[in-house]
Amino acid sequence: NAGVTQTPKFRILKIGQSMTLQCTQDMNHNYMYWYRQDPGMGLKLIYYSVGAGITDKGEVPNGYNVSRSTTEDFPLRLELAAPSQTSVYFCASSQADFNQPQHFGDGTRLSIL
Amino acid sequence: GEDVEQSLFLSVREGDSSVINCTYTDSSSTYLYWYKQEPGAGLQLLTYIFSNMDMKQDQRLTVLLNKKDKHLSLRIADTQTGDSAIYFCAESSWGKLQFGAGTQVVVTP
Chain A
1 NAGVTQTPKF
11 RILKIGQSMT
21 LQCTQDMNHN
31 YMYWYRQDPG
41 MGLKLIYYSV
51 GAGITDKGEV
61 PNGYNVSRST
71 TEDFPLRLEL
81 AAPSQTSVYF
91 CASSQADFNQ
101 PQHFGDGTRL
111 SIL
Chain B
1 GEDVEQSLFL
11 SVREGDSSVI
21 NCTYTDSSST
31 YLYWYKQEPG
41 AGLQLLTYIF
51 SNMDMKQDQR
61 LTVLLNKKDK
71 HLSLRIADTQ
81 TGDSAIYFCA
91 ESSWGKLQFG
101 AGTQVVVTP
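Going down the list, the sequences are from chains A and B.
Mapped onto this note's numbering, the consecutive letters of the first sequence carry residue numbers 1 to 113.
Mapped onto this note's numbering, the consecutive letters of the second sequence carry residue numbers 1 to 109.
Where hints are given, some of them may not hold.
What the hints assert, rightly or not - A short, non-exhaustive set of chain B residues, derived as facing chain A with CB atoms under 10 angstroms: (1) 25; (2) 29; (3) 31; (4) 33; (5) 35; (6) 82; (7) 88; (8) 90; (9) 92.
What the hints assert, rightly or not - Derived coverage of chain A by chain B (criterion: at least 3 residues anywhere in the stretch with Cβ under 8 angstroms from a Cβ of chain B; other residues may be distant): (10) 42-55; (11) 102-113.
Just so you know, the hints here were simulated from the structure itself, not pulled from any lab data.
Ideal Cβ placement from N, Cα and C applies to all residues, glycine included.
Bound-form chain A, shown alone (with noise of 0.2 angstroms):
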């Protein structure tokens, strides 16, 4: 049971380099979301997306954009990386809204040196 699945695990960039996370989910999910979880904090929803072609900006979209072409893949992109970007991502979905229980990936750490 795949889930949903992130790639990479890791990664480390240099500022103003740019990267994409990966997320892919196989449960046929409409709504799928992007968090981004800093120590000692609860999540922050960074971006979402209720559909193929249809995104929106969460609480803390600056530097970064999204896409959704497919049902299944949502992935996050950092342009100009920053080290205020550093941080746990987390890919989820749920089935229909936001009230519906969500799925998570197992995050990419990601370090902007």
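Chain A is already provided as a structure; the job is to place chain B on it using the hints.
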């Protein structure tokens, strides 16, 4: 401050019961959730409760909801070393999931 608040740390002896508390602010929340995060892993949904319920039991887990006080608790019976983790409370609020900062539970032999 955070809309969802939890104490940061709980130490419990193996075999005892653990109680993790959470307060939230949105009285219109439909669902309230408990997630568990083990080191190096993602969040695992433990249980959730619909807002029109005041209690839900699932094996060793008991969730209590006091809507008047906006207070949610998770009780783990017969706590085991495998229960050591960070536990997050979350409410569905204004179309998004609002998480607390997490309670780190340490189980000692």
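Here's how the hints hold up against the structure:
1. With its C-beta approaching chain A no nearer than about 13 angstroms, residue 25 of chain B sits outside the 10 angstroms limit, and its interface hint is violated.
2. Taking 10 angstroms as the C-beta contact cut-off toward chain A, the hint placing residue 29 of chain B at the interface holds, the least distance being around 9 angstroms.
3. Hint status for residue 31 of chain B relative to chain A: holds, with the closest Cβ pair at about 5 angstroms, below 10 angstroms.
4. Among the interface hints, the one on residue 33 of chain B holds; its C-beta lies about 7 angstroms from the nearest C-beta in chain A, closer than the 10 angstroms criterion.
5. Below 10 angstroms, beta-carbon pairs count as interface contacts, and residue 35 of chain B has one with chain A at about 8 angstroms; its hint therefore holds.
6. Of the supplied interface hints, the one on residue 82 of chain B is violated, with its beta-carbon coming no nearer than about 18 angstroms to a beta-carbon of chain A, more than 10 angstroms.
7. Interface restraint check for residue 88 of chain B: the shortest CB-CB distance to chain A comes to about 7 angstroms, inside 10 angstroms, so the restraint holds.
8. Hint status for residue 90 of chain B relative to chain A: holds, with the closest Cβ pair at about 8 angstroms, below 10 angstroms.
9. Checking residue 92 of chain B against chain A: minimum C-beta separation of about 5 angstroms stays under 10 angstroms; hint holds.
10. Look at the segment 42-55 of chain A against chain B: 4 of its residues bring a Cβ nearer than 8 angstroms to a Cβ of that chain, three or more, so the hint holds.
11. As drawn, the segment 102-113 of chain A meets chain B at 6 residues by the rule of a beta-carbon pair under 8 angstroms; at three or more, the given contact holds.
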